[in-house]
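Chemist: What follows is each chain in one-letter form.
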Amino acid sequence: MEDLALYAVIAIALAFDFTNGFHDAANSIATVVATRVLTPRLAVVWAATFNFIAFLIFKTAVASTIAKGVVTQDVLSIGVVFAGLIGAITWNLVTYYMGLPSSSSHALVGGIVGAAVAKSGFSAVLSDGLSKIAVFIVLAPLIGLAVAFIFMIIVLQLAARFHNVDQLNRGFRRLQLVSAGAYSLGHGGNDAQKTMGVILALLIATHKVAATSDVPLWVVLAAHSAIALGTLSGGWRVVHTLGTRITKLQPSGGVAAESAAAATLFFVSAHGIPVSTTHTITGAIVGVGSIQRLSAVRWGVAGRVLWAWVLTIPGAAIVSALAYLVVRAF
Amino acid sequence: MDRRAIFFLGAGALSAVIIPETDAELRWVPTVLAAIYVVLAAASYLDWRSGNR
Numbered sequence: 009m010e011d012l013a014l015y016a017v018i019a020i021a022l023a024f025d026f027t028n029g030f031h032d033a034a035n036s037i038a039t040v041v042a043t044r045v046l047t048p049r050l051a052v053v054w055a056a057t058f059n060f061i062a063f064l065i066f067k068t069a070v071a072s073t074i075a076k077g078v079v080t081q082d083v084l085s086i087g088v089v090f091a092g093l094i095g096a097i098t099w100n101l102v103t104y105y106m107g108l109p110s111s112s113s114h115a116l117v118g119g120i121v122g123a124a125v126a127k128s129g130f131s132a133v134l135s136d137g138l139s140k141i142a143v144f145i146v147l148a149p150l151i152g153l154a155v156a157f158i159f160m161i162i163v164l165q166l167a168a169r170f171h172n173v174d175q176l177n178r179g180f181r182r183l184q185l186v187s188a189g190a191y192s193l194g195h196g197g198n199d200a201q202k203t204m205g206v207i208l209a210l211l212i213a214t215h216k217v218a219a220t221s222d223v224p225l226w227v228v229l230a231a232h233s234a235i236a237l238g239t240l241s242g243g244w245r246v247v248h249t250l251g252t253r254i255t256k257l258q259p260s261g262g263v264a265a266e267s268a269a270a271a272t273l274f275f276v277s278a279h280g281i282p283v284s285t286t287h288t289i290t291g292a293i294v295g296v297g298s299i300q301r302l303s304a305v306r307w308g309v310a311g312r313v314l315w316a317w318v319l320t321i322p323g324a325a326i327v328s329a330l331a332y333l334v335v336r337a338f
Numbered sequence: 003m004d005r006r007a008i009f010f011l012g013a014g015a016l017s018a019v020i021i022p023e024t025d026a027e028l029r030w031v032p033t034v035l036a037a038i039y040v041v042l043a044a045a046s047y048l049d050w051r052s053g054n055r
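Note that the protein sequences, when read in sequence, are chains A and B. The letter at position 287 of the first sequence is residue 295 when you use the working numbering, and the numbering goes up by one with no holes. The letter at position 34 of the second sequence is residue 36 when you use the working numbering, and the numbering goes up by one with no holes.
If we strip away everything but chain B, and leave its shape as in the complex, we get:
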């Protein structure tokens, strides 16, 4: 299993959990960050899968 993808997913989940706790003015920061981590997790997984073929 790709540990880096899991790590990024965890970071994304943490960012998402923080969204409601953030000031309305800065709420876009954890939202964008969560989205970036999901994309990085997907990219990392695809990279890992192609390396294992």
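The following block holds chain A by itself, in its conformation from the complex:
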């Protein structure tokens, strides 16, 4: 019976990864679509491919943080992880239908924390691990913004020396394929690992693997497949918000934004920090937009995004805490 419950929750974790695909992964291609370098259909295939092959490049430090660094190991059970996933998925779906680019990653962290607190109180929370994640909730978009701004200064300096504008634009359009691919790699490397972390936590809780164990290969492949399939399924509402409504992008801006966000994601993944890919690319897009003037950034939309960010962890935590209480009643 326990095995059946375990497989069912693993399936839900992969479904969460899939929803992450259509909710978050679409951000990978927002700028490529906005600058019309690729059609939406091709862009989605491009992003999904790089999401999938990210497992060849990144280790599993982020997965270990999720499995072992957010709540104490003894509180983890099939019920807690199940309730955490329900909270995160519910939050993702609500914000998806509202067209809000909130963070699946923070929904997941909030979901697990909420369910763990409902089971054992606040002593179940590992404050060091949670504060590391919380610090980078703020830092990731700030890094993306600063790096994108600096990249844009370099791009504009290069452009000023170039007299053939059409040729320059063609060059940037080609470069955007590379930067979008790099960003999708970074995204797959960070986001798919969160699901790996959840599954690893389940396997440890049910004693299928040792507490010191690394992520099994089948879990790595399953998580990357799920996120890639989710990306293939779309997520156009969020693409539209990020790609066209925060600021209007040219190919050069797309290259700068994606490269900055990719560099940020490569860095945090190497340090095992789960961050929001949505936060990171939004920060980078704002950085590109503000190279001209701050009024180029549509702050009303950015503010709406900010509210979704602020509410995500507590919102998902409350939903998952309620879900845990229901699970326990049965």
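These are calculated hints, taken from the structure and not from any lab test. Please note that the accuracy of each hint is not assured.
Label pairs and their calculated CB-CB ranges [claimed, not checked]: (1) A/Ala337 - B/Val19: 40 to 50 Å; (2) A/Leu12 - B/Ile8: 51 to 61 Å; (3) A/Ala13 - B/Ile8: 46 to 56 Å; (4) A/Val318 - B/Thr33: 20 to 30 Å; (5) A/Lys67 - B/Asp25: 16 to 26 Å.
Sample of chain A residues at the chain B side, in silico, Cβ under 8 Å [to be verified]: (6) Ser139; (7) Lys140; (8) Phe157; (9) His279; (10) Ser298.
Don't be surprised by glycine CBs; every beta carbon is placed ideally from N, CA and C.
Let chain A serve as the given structure and place chain B on it in line with the hints.
Modeler: What follows is chain B alone, placed relative to chain A:
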């Protein structure tokens, strides 16, 4: 007044506030970021001032 410089100064201040909350191993990240934002704020202000002359 140059709103972009104020925005960058705010981002720098936020990065600086986070420094003590960050793991010792990664404390250099918000420190460098705060310094970058201060430089960007200064550059933005100088750019704005030269544009208004």
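Chemist: Any of the earlier hints contradicted here, and which numbers?
Modeler: Structure breaks no hint.
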